[in-house]
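Trainee: Just need the whole structure built from these sequences, with the hints factored in.
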Amino acid sequence: PEKSARVSKVRPPLYQYIRKLIFSDLDKSSIEHVLRQLRKLPWGECESYLLKCFLKVHKGKYSQIHLLASLTAGLSRYHDEFAVAVVDEVLEEIRLGLELNEYGMQQRRIASMRFLGELYNYELVDSSLIFDTLNLILVFGHGTSEQETLDPLEDCFRVRMVITLLETCGHYSDRGSSKRKLDRFLIHFQRYILCKGVLPLDIEFDMQDLFAVLRPNMIRYSSMEDVDAALIEIEEHEHSVSSQKENNEKYSDTGKSPLRTSSNTSVN
Amino acid sequence: MKSPLDRTKVVLRHLPPTITESMLIDQIDIRFVNRYNWLYFRPGKTSQKRQVCARAYINFNRPEDVIEFAELFDGHVFVNEKGTQFKVIVEYAPSQRVPKQWSKKDGR
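Residue numbers (my numbering), protein chains in the order written: chain H, 1 to 268; chain W, 1 to 108.
Think of the hints as simulated: they come from the structure by calculation, not from any bench. Where is the CB? At the ideal position from N, CA and C, for every residue including glycine. The reader is advised that the hints may include incorrect statements.
[As the list claims (entries may be wrong)] A short, non-exhaustive set of chain H residues, derived as facing chain W with CB atoms under 10 Å: (1) 91; (2) 92; (3) 95; (4) 96.
[Claimed, not checked] One side only, chain H facing chain W, incomplete, derived with CB under 10 Å: (5) 48; (6) 79; (7) 81; (8) 82; (9) 83; (10) 85; (11) 89; (12) 126; (13) 129; (14) 132; (15) 133; (16) 136; (17) 138; (18) 139.
Mentor: Here you go:
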């Protein structure tokens with residue numbers, strides 16, 4: 001049977017130009033130039049197309065994702081609404097990925113995690129958002145009837161997602177509240193992994209690398225009892241710290257609350 | 001981190017793919033006109049491959065408005081022209097950041 005010739009998509013010149021800038025011109029040495037060109041664009045016409053291209057991080061080179069985050073930061077000075085939209089869209093991608101859990105989306109989902117981490121590195125999101133996302137990944141769909149499709153026992157994809165995000169930006173959580181949050185998260189993460197049973201070797205090695213970089217002295221728990229005991233301990237400790245803090249705050253003046261330092265340790 | 005009581009930005013998810021910004025705003029403004037200061041609509045898409053639901057981000061003036069809005073819209077079912085039902089989810093937006101410049105959108 002005769003097949004009709006495949007019609008290639010014809011894009012308007014403006015879109016072609018945007019694609020050329022982002023998908024072929026962009027590299028470490030050209031980023032200043034690309035940023036300037038993007039700023040010159042007629043934003044009213046092409047802002048949503050630009051957003052679409054930025055969200056195609058998985059189409060570009062994995063090692064260049066930080067350049068897109070850097071561009072987002074550069075553009076945020078003039079087009080704050082664009083930077084806000086990029087962050088919202090990346091978070092939506094991550095959420096949608098958890099809802100669908102489709103095999104074909106995996107590459108894209110890993111790229112989104114990396115992008116979110118880079119957006120944190122360029123100060124477009126704060127650490128509480130990173131930890132909210134990490135926690136969401138561990139619990140989404142659990143305890144519902146859909147758990148078997150959303151996060152089957154033998155499916156280790158969420159482990160990869162967590163590792164990717166922490167590889168990208170975990171090293172900044174080395175002091176203060178963000179350090180405490182990471183310590184706590186890593187124990188929850190260990191518990192999640194223990195539920196999975198034995199990890200495939202490649203993931204296990206990535207895990208070991210991650211711990212070696214972020215917390216070389218942290219114990220890797222081998223039983224559920226040990227990890228649960230560790231969680232109870234950390235919870236009790238945080239509880240006593242936060243009640244102390246509350247007492248202190250009662251007597252101190254409440255000045256402006258800085259946006260960036262997300263300091264309250266929330267104990268649920 | 002903003003405590004739940006300070007949060008004013010919500011996301012509406014799982015809106016019908018064919019809904020337009022003005023259709024949505026009409027629905028919202030029945031009760032909430034002038035009670036929000038920023039709305040960002042992300043249109044949905046229907047192709048043969050997949051269907052993408054529309055979304056909207058809204059920043060309300062006061063945290064209490066969010067509660068009232070969620071009571072009304074969370075779980076609200078939109079029916080499209082083909083009779084398919086879409087049950088809307090209202091949640092606090094994970095990122096509470098709203099653009100600094102307000103020039104582009106004034107809610108209307």
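Trainee: Compare the structure with each hint and give your call.
Mentor: Now the hints, each set against the structure:
1. Checking residue 91 (chain H) against chain W: minimum C-beta separation of about 5 Å stays under 10 Å; hint holds.
2. Hint status for residue 92 (chain H) relative to chain W: holds, with the closest Cβ pair at about 7 Å, below 10 Å.
3. The interface hint given for residue 95 (chain H) is met, as the beta carbon of that residue sits about 8 Å from the closest beta carbon of chain W, less than 10 Å.
4. Below 10 Å, beta-carbon pairs count as interface contacts, and residue 96 (chain H) has one with chain W at about 9 Å; its hint therefore holds.
5. The interface hint given for residue 48 (chain H) holds, since its Cβ lies 9 Å from the closest Cβ of chain W, which is under the 10 Å cut-off.
6. Given the 10 Å rule on beta carbons, the hint for residue 79 (chain H) holds: about 8 Å separates it from the nearest Cβ of chain W.
7. Interface hint status for residue 81 (chain H): upheld, as the beta-carbon distance to the closest one in chain W is roughly 4 Å, under 10 Å.
8. Hint status for residue 82 (chain H): holds, given a least beta-carbon distance of 8 Å to chain W, under 10 Å.
9. Checking residue 83 (chain H) against chain W by beta carbon gives a least distance of about 8 Å; that is within 10 Å, so the hint holds.
10. The interface hint given for residue 85 (chain H) holds, since its Cβ lies 7 Å from the closest Cβ of chain W, which is under the 10 Å cut-off.
11. This hint holds: residue 89 (chain H) has a C-beta 8 Å from the nearest C-beta of chain W, less than the 10 Å allowed.
12. Look at residue 126 (chain H): its Cβ gets to within about 8 Å of chain W, closer than 10 Å, so that hint holds up.
13. A cut of 10 Å between beta carbons decides the hint on residue 129 (chain H): the least distance to chain W is about 6 Å, and the hint holds.
14. For the restraint placing residue 132 (chain H) at the interface with chain W, the shortest Cβ-Cβ distance is roughly 6 Å, inside the 10 Å limit, so the hint holds.
15. Interface hint status for residue 133 (chain H): upheld, as the beta-carbon distance to the closest one in chain W is roughly 7 Å, under 10 Å.
16. At about 8 Å, the closest approach between the beta carbon of residue 136 (chain H) and any beta carbon in chain W falls short of 10 Å, and the interface hint on this residue holds.
17. Proximity of residue 138 (chain H) to chain W is violated relative to the hint, the smallest CB-CB distance being about 15 Å (cut-off 10 Å).
18. Against a cut-off of 10 Å between C-beta atoms, the interface hint on residue 139 (chain H) is violated, since the closest Cβ of chain W lies about 14 Å away.
Of the numbered hints stated above, those contradicted by the structure are hints 17 and 18, listed in ascending order.
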